[in-house]
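Engineer: Here are the chains, one letter per residue:
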Amino acid sequence: MGIQGKSLIAPDDFTVEEIQTVISTAKEMMEVGPDAYRGLCADKILATLFYEPSTRTRLSFESAMLRMGGSVLGFGDANTSSVAKGESIADTVRVISHYADIAVMRHHKEGAPKLAAQYATIPVINGGDGGHQHPTQTLTDLLTVEICKGKLDEQVVAICGDLKFGRTVHSLIKTLTRLSIKKLILISPEELALPSYLRRELEQKGANMEEYTCLDEVIEVVDVLYMTRIQRERFFNEADYQRLKDTYILDARKLERAKQDMIIMHPLPRNNEIAYEVDDDPRAKYFEQAKCGVYARMALMSLQLGVL
Amino acid sequence: MRGVCPDGFDVFAVRGAIMMMQVTSISEGIVLDHITSGNGLKIFSKLNLAGLDHPVVLLMNVPSQRLGRKDIIKIQNIKDIDLAMIGLVDPSTTVNVISGGKIISKHKVGIPEVVRGLFKCSNPRCVTNSDTYAEPCFRLVDAESREYACEYCEETTRYRF
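Those protein sequence lines, which keep their order, are chains A and B. Going by the working numbering, the first residue of the first sequence is number 53, and it counts up by one from there. Going by the working numbering, the first residue of the second sequence is number 35, and it counts up by one from there.
Keep in mind the hints are simulated off the structure, nothing from the lab. Every residue gets a Cβ at the ideal spot worked out from N, C-alpha and C, and that includes glycine. Treat the hints with caution; some may be incorrect.
As the list claims (entries may be wrong) - FRET-style restraints, in silico, Cβ to Cβ:
#, chain 1, residue 1, chain 2, residue 2, range
1, B, 137, A, 285, 52 to 62 Å
2, B, 85, A, 242, 40 to 50 Å
3, B, 125, A, 262, 30 to 40 Å
4, B, 154, A, 333, 43 to 53 Å
5, A, 111, B, 158, 23 to 33 Å
Claimed, not checked - To give a feel for the contact side, a few chain A residues facing chain B, derived at Cβ under 8 Å:
#, residue
6, 164
7, 183
8, 248
What the hints assert, rightly or not - Pairs of lysine-lysine residues, derived as DSS-like cross-links and limited to a Cα-Cα distance of at most 30 Å, are as follows:
#, chain 1, residue 1, chain 2, residue 2
9, A, 96, A, 58
10, B, 154, A, 137
11, A, 203, A, 257
12, A, 257, B, 154
13, A, 226, B, 154
14, B, 154, A, 58
15, A, 257, A, 58
16, B, 136, B, 76
17, A, 234, A, 79
18, A, 216, A, 235
19, A, 203, A, 311
20, B, 154, B, 80
21, A, 235, A, 79
22, A, 306, A, 203
23, B, 154, A, 216
Modelling step: build the complete structure from the supplied sequences, incorporating the hints.
Structural biologist: Written out as structure tokens, the structure reads:
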């Protein structure tokens, strides 16, 4: 079937080859520059259905579509849409399917974009569902590694922070285990370790994986360090959040022991987990990562819409 | 005194005080056999058999050579029941389909690979717990512990009856 017309709800909706196609297309778009793609989606409309606040994801999708000459409609706050009147997801997407050519949805309920894709007649992209998945962030992450580090199979990738509720982490880990990497290192407090379903999946795949609770123990062997935020909005108990929020703080002192060519990534927004002093370190790539997000989404949508 | 019901269930009264029931064969319907003793009532309840318009018999603690004791459920005139639910409660149950007074098929139900709409996802953040369009659907990930993965949020739910 290929990517055209296909929804992207979880990273394994795409084959490894399809993921690589998106990454190579995004890389080419980045190298050529956005001006060359100005008319690519001239007659296309993107619907942004954001039931939960978002800055980077929503704006990067909008930027991607606008850079390709398309139009954007939608909402960034469920309270300003018919959702506030009690409209179901199924009804909303059935209507939106007549208004737009492609839709991106963020929702606080896990599985909501999957439900939307079952009722929509246009491709639906999961822009993040609760603490579950965020597949377009994974495309962004893979593009960033490809540009900043080169081949993925030569990298020791460490993911640090909230592995339980971190949807970016879940999508990335799922995908890294399908692609070949040198080693996957997971660093989290025990309370925020991987959910059982994902752990089972990794075990079944025989992933080359090590788990730690302390970043200092392993930082010197890492090629790609992926930091994540402890997410206050995912906790039912404020006391637990307060206890765990500053578990990992990456600062200049910690980085002294890291490889000189290691890269630091973060899906953003950050809180305290990366000190501001790290921004000046050439290894900090999280703002370049945000830039990659636009190109990853340009590539994805243009392939889904079949305009390339 | 003896009374004969129209669907093959004979009722006996002994000295007018103690009621006994002799359950004879059914000609059309389903017999759920080899139910682990104690699970018959659970299956009866989960399948809402009390709500059927057809005769249903639940036999408990019936002597069994293989199991020691077992439960049996006979359902007259019904051949289409929720095997997934039976498999969840007691996968050792044998389903005998009866037609024309003969067993036309006989099989163990086993633990269902896919379960749709029979229990809730344990993840409070799952869309199936808040949206009526999202019918909970699960696939089996561990038969021993009866753990199922949600089709929507992927979280694992252990089925307990």
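Engineer: Next step is simple, just say for each hint if it's right about the structure.
Structural biologist: Results of checking the hints against the structure:
1. B:137 to A:285: 52 to 62 Å: Hint holds: Cβ distance 58 Å, inside 52 to 62 Å.
2. B:85 to A:242: 40 to 50 Å: For residue 242 (chain A) against residue 85 (chain B), whose Cβ atoms are near 47 Å apart, the range 40 to 50 Å holds.
3. B:125 to A:262: 30 to 40 Å: holds, 38 Å
4. B:154 to A:333: 43 to 53 Å: With a Cβ separation near 48 Å, residue 154 (chain B) and residue 333 (chain A) satisfy 43 to 53 Å, so the hint holds.
5. A:111 to B:158: 23 to 33 Å: Taking Cβ atoms as reference, residue 111 (chain A) and residue 158 (chain B) lie about 30 Å apart, which means the hint holds.
6. 164: holds, 5 Å
7. 183: It holds, given that the least Cβ distance between residue 183 (chain A) and chain B is near 7 Å, below 8 Å.
8. 248: holds, 5 Å
9. A:96 to A:58: holds, 16 Å
10. B:154 to A:137: holds, 26 Å
11. A:203 to A:257: Answer holds: residue 203 (chain A) to residue 257 (chain A) is near 21 Å, not above 30 Å.
12. A:257 to B:154: OK: residue 257 (chain A) and residue 154 (chain B) at ~28 Å, within 30 Å.
13. A:226 to B:154: holds, 25 Å
14. B:154 to A:58: holds, 29 Å
15. A:257 to A:58: Holds. Residue 257 (chain A) to residue 58 (chain A) sits at ~26 Å (cutoff 30 Å).
16. B:136 to B:76: holds, 27 Å
17. A:234 to A:79: holds, 22 Å
18. A:216 to A:235: holds, 20 Å
19. A:203 to A:311: Roughly 17 Å separates the two Cα atoms, so the pair holds.
20. B:154 to B:80: holds, 14 Å
21. A:235 to A:79: Roughly 24 Å between the alpha carbons, so the hint for residue 235 (chain A) and residue 79 (chain A) holds.
22. A:306 to A:203: holds, 26 Å
23. B:154 to A:216: holds, 21 Å
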